[in-house]
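Asker: Two chains, two separate frames, one set of hints: put the complex together.
Protein chains in written order, with the numbering used here: chain V, 1 to 391; chain E, 1 to 473.
Mixed in with the good hints there might be a few duds.
Covered stretches of chain E, as calculated for chain V (at least 3 residues, CB under 8 Å) [to be verified]:
no.	region
1	71-82
2	88-98
3	283-295
Please keep in mind that the hints were generated in silico from the structure rather than gathered at the bench. Since we're looking at a predicted model, the values are computed, not measured. Note that beta-carbon positions come from the ideal geometry of N, C-alpha and C, so glycine has one too.
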Amino acid sequence: MSGDESEGAGVEEPKFRVVDTRRRFLTWFTPPAGVFVLGFVALLFAGHVTGPLQHITVVRAMIASKRDFFADEQVKRILLGHGYQVQVTPAGSFELAETADLDSYQFVFPSGQAAADRVYERRRGQHAIGYKPFFTPLVLATFRDYAEALVKAGVAGPQYTGDKPLYYRLETKPLVAHMAAGDRWQNYNPRLSANRLLVQSPDPCRSYSGAAYVGLVAYATYGHPAATEAEAVEQARGIKPMLDAEGQHSDDMAPKFFVPEGRGFATVAVIYEHQYLAYQNRRLDNGLGLDTDRVLLYPSAQHETAPDLISFSPEGDAIGSLLMSDPALRRRAVELGFHVYSADTAQFDFAGYLAERRIPEPATASSDDETWLPKDVPFRRMIDDVGDCRW
Amino acid sequence: MVRVALVLLLLLAACSLGAPADAKLTVLATGELADLGPVLADLRRDTGVELVMDYRATLAAPAGHDLAWLPTARYLRLRGAEPGTATSIMLSPLVLGVKAAEAAKLGAQPTWADIADRAAGGELRYGMADPHVSGTGMAALIGVATAAAGTGAALRPEDVRCDRIQGFLAGRAFGAPDVAGEYVRRQDDTGGIVAPESAILALNASGRLREPLVVVHPRDGSVLADYPLILLNPDRRAAYDKVVQWLRTPAAQRAIMDRTFRRPVDPTVPRSGPLAAPIGNPLYFPDRQEVLDRLLQAYDRAGTARQVIFVLDYSLSMAGPRVAALRRAFAALTGFDRFSIGESVTILRFAGEVLEERTVTVSRRADADGLQAVVASADLRPRTAIWGALERAYRIARPGAAIVLMTDGENNTGPGVAAFLAGAHDAGPTYAVGFGEANQAELGRVAAATGGRVVDGNAESLTEAVKELRGCR
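Bound conformation, chain E alone (with noise of 0.2 Å):
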């Protein structure tokens, strides 16, 4: 009697403790959450819960499944779908991660400008997901055009400036799905991958890497994902909070860590090794679906060769400082600004007839160098032959080329600016900054005409000019 009384007491004591009874959810996981697999046997051994996991590649709102597993919930939110039910559960940040000698090449600290700057004077290969189905893709471009708009604030859509970012796309090598399998093939001829920080770490562990990848955090702050687990089917409910609950145990937590390099939410659970670095600053995240769809606009034309050509008047009244200031615009095109690998540069001096002609496709940054020289000289002549010199421009622009013409005085030699209107000028806009004595009418007709339009002329705004007016609309 006594025996079956204890029996059947343990039993029951066996029951109430929570004996976990076998089920299974289904869960629409990003691609990279694959490195989970030995902590999701865990998970079922434990809680008797499996994770049945569809991996896919893609930012869209999921429809179907039990769970969503994703990088994060900022892209959803931005489409409206608000996700009800989620918990992050680990943490990884955007970076860079780079050979050691590119890392020093960026030195200490480096920002997104800084990166931009070596990726498009060619310097820099890198690989990268396609935006239009990672996040990652995309969040490393929201960096990038936060940066480059330098308004210290979240991005707006006029702030997404196509230009800017073409720069740091020239140096993408390549954006096949998985980045860092990808790397692996290619890590000869590329420096380096755009990439969740635990994906960088797990390569380096992976013994796959003849050299160890270094992680560079912009110091301009980039995307941390969180990776919400995000109930869809609410009657389910139990169920995912048996599997929250145990993920988020400091044993769990710990070993994620140690298995994926991603970083525990549980601020008590100390992070080990490379895990143990501050990863930089924040970045304010867009919060309008156009501003994406800017980016993915941007990103799409950035494969397409760009013509820039400058139409420089070296007339006698440029002498001193507007040659100078002509000079120090040139000199400033660094970082977002510089003329990147594929970009075909042309500087057309003229007087009263073309002076020089030089034209380069830039491959490496000494092409873009050599530019300078051709700014910086001084070999100024008399008359101003503005339209000759921009019918000659108009003569070797190809369509969708940018045309940036500089002069501060009137038209006194060569056809006029009706000859000029009367000839083809449909291969682009040409934006006119006018100094002095510039005759602003005809400026205005030339810009309207051909779809420009007329920058005032004062020294910082020849700066921004030639910054800003180098074309990809």
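Extracted from the complex, chain V is given alone in its bound form (with noise of 0.2 Å):
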């Protein structure tokens, strides 16, 4: 920018002129500060950045396989217009649910029913409300070939006829009848792992998905859930061999399943749904494609998890008042690949987000439930008979 001095200036002889320092401060500063000004007010509504004036609030919060939505740069700037920073300290559900010093945390985020009960029990007596803010189903996630190798099985078929399809049914009693013979990859390619057919689940005495995964394999083992301690010390020593072979269970499994190496780290991982499809969105995002090479298995005992954010605090209550209401963050958890309770709009619709961005839709269950998993006290000795859990 040319200063003032220079303005006028000619062949003719110099002239002295007047200065006026203050004009030329304003003249220099004015317009980068306007620009800087208007654009730092736009940044503070569109909630990008935090201004001076407002208080933000940091939410402390110990969540499991949901910590994905929190970590959402979109959904961390909603929560900042709104006035909330969410501190998350990640945990497996369970290890949330037995050990974690519930007090030290404003809210909780389990992913699923009974991790949650156990927080409500552990909280009996004071402040512990629930919101159940969205729902997605229990799969398991593998590669096209592992997933046609199920099919020549016999164990597993495509969801819907055409190229390609990523969804396939997956009919778990003779699956895990499979597993327990020892049956092998190879057996069904010659060019899959030689290892054992198996599914890679996270530790069933941390994560809720492990745990639910123990159940699924002792209802198509034993074809009713477990309803005495008794039975379900028995059902746990019937199935343990088959989840011991899998060797150290890893945490959550979803991240990398979905990095390009996945192959080499799991070949079939339980994950959630929500998992999934976040993970193509953000692929289409990215301007990569949807990955045809991952594919989800459905499984015929199917489990919608619809998990509890646990609020001990007023904070926390906003937190989850924000995710059942606030519009945007409604969206965001359609986008990032959750099912929402239909009492939103239909602009917030999970099946018309996944055509507008042609995603095939999975078929859901014809009903929701969790009738095949054993009731809370049953289903944890279960599992802590077959993890050995440090609870």
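Answerer: Structure follows, in structure tokens:
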């Protein structure tokens, strides 16, 4: 930007001018400062940055797999716009429910009912308000050639006809029979891993999906959920070899399953549907197109998880309420692969959003049932016996 | 007035945008992370957080630091030290890096068994870090032992068999903590190293090698290091969050990849060059510390020279299928079962007397192959002097030897079983394989007296017996 003093300077002899320093400063300063202030105000309103005068409340939370939601930049921005920043301590659902020092958090968010029930039990007589902002089914994620091996083994089939279906039905009873018999992937395709045909699941002592998988294997083996602790122990003993064969369990399986090296990490992994859809959405956002090599298997014993955000404080209540009612957060939840309850308007429609992004819509179970999972006490006993938990 | 207000506003805005407040975090880090230096300098510039790295070669649970940065949390978990807050930062699979000629001999997509076969035969000499203190060394042992067990499942303590990993370890040329650096010094007389993929690609890029190494991903899977950054001191949570958030930005992930050849944990950051190669199948990781302890025991014993004596019945009754089965059993000794470098193998053929005694100390593949010719002999004679032959075996046995006795009949000449048992037979156990008319009771007495056992003789069990009875207890 040119200075005032050169203005009007011509070929004729130089003339002295009185320079108004105050004016000069403002001419130099005002335009960029104006741009800055306007931009800053715009950012402030959009929630990208926090204003010096706005009070930001840091909310401490312990969150299991649903921390994916709180780690999302847009979610962070929206919450910041409401004056909240959630500081997440990651933990598995049962780790959270059984061992965490709950009082040091303002809300917790385990991934499944059994873990939530345990939290309510521990918080009896204290502030503990539950919110169920969304739901998502438990699924098995794999690669197409492994899914096709399961088709060949007669335990799976595509959910819909068409080239490269992304979703398969999975009959859990015969699957578990193959697993128990020590069947191998290479029996169906010599190019696959020489490993036993197994599903890799998170640690059942720590993670809800790991525990639900134990319940699923038990149900597929025995045909009914354990009704008593004694029966839970008996079923646990029967299925333990299949779970031990997987070796050391991981924590959340999804992040490593979805890296390009995922095949070197797990061939079939227990995850939640939202993790897969969020991954596909992110690929589309990055111009990478749909991944048609990674597919989902929907177990015949389906389990829709509707996790409880459990608040222990007014700050936690505020976050729970926002997740239940803030349109931007609801919209973002759908974009991150969650189903939201239909009380919302059509614009948050799960199916509509997938259609808009041209992601095929997975068929959900006709009935939303957890009836194949044992009730709390036998369920926890079964998990403990299978996993030798350190609760 | 306006000016003052504007300046004030700018200052305040700058503050709220997060002018970095300097912070130092102490980090217990695995030595290989020294290559992150430039990335950590950028981290400090952008966030104001300095990571003070304390490099150590250890698998043990750390204490006294703010953070730990290890190749994997799996070993901590085995010890029951579950890391609370941990975030994976980057990935690198454990691989074998070998010279091109060696890679060609291993073939496309070799298994751990193929690698063990060449190592045992003295044709592959490699460097590998000490599994007592190195996650990489331990990961290699897990890969080899899992493949050797062949169960297709995670290793159990009873699956760890030291004889099977001994062949692989016979090819180990050195175990310096800095395997890559040591390889540079010894590159002319070693074929490669077992190391993370990143270390091998970094070596290739360093200009210190006369011949670049080819990255070989064992087809049956290996351990994938994911370098979790672990928060040990909860009071440093805010700074930790800042560091993790920065390290996981696409720009930092790319910088890590470009400078250290580790793969990004962010799936959407495209892998460049050799990092775009697929890494093979998963390995089921053991879930008991006892498995690791057994692996270390086997590792500690691997250096000791092994002696195996086969005492084989070549009486007339062995003609036909029994001798054929014997030949097949020896021909099947490849891969993990190969006679390995340094192993002393004696074949003692007998009928009414000792017909042939051949001992080789294996120093190259051809030595072991020469034993096949002895076994293939068609020289069968009358009568059976089992205990005389076994006496001879114990005369040449050194303490710690393993003896495999194979027979199909009754002793009908030479000393009897009582005479044998009256003599010296404490150098090692006899594993007895009895076919047909063999006197199981006598075999049982001898096996029990020497600490061995009897194996039922049929074609399949013979192959198994020859593979599995070769000592290494």
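Asker: Work down the list of hints and note, for each, if the structure agrees.
Answerer: Hint-by-hint comparison with the structure:
1. 71-82: With 5 residues close enough to chain V, the hint holds.
2. 88-98: That given contact holds, which follows from 3 residues of the region 88-98 of chain E lying within Cβ reach (below 8 Å) of chain V.
3. 283-295: holds (count 4)
The structure is consistent with each of the numbered hints, conforming to all of them.
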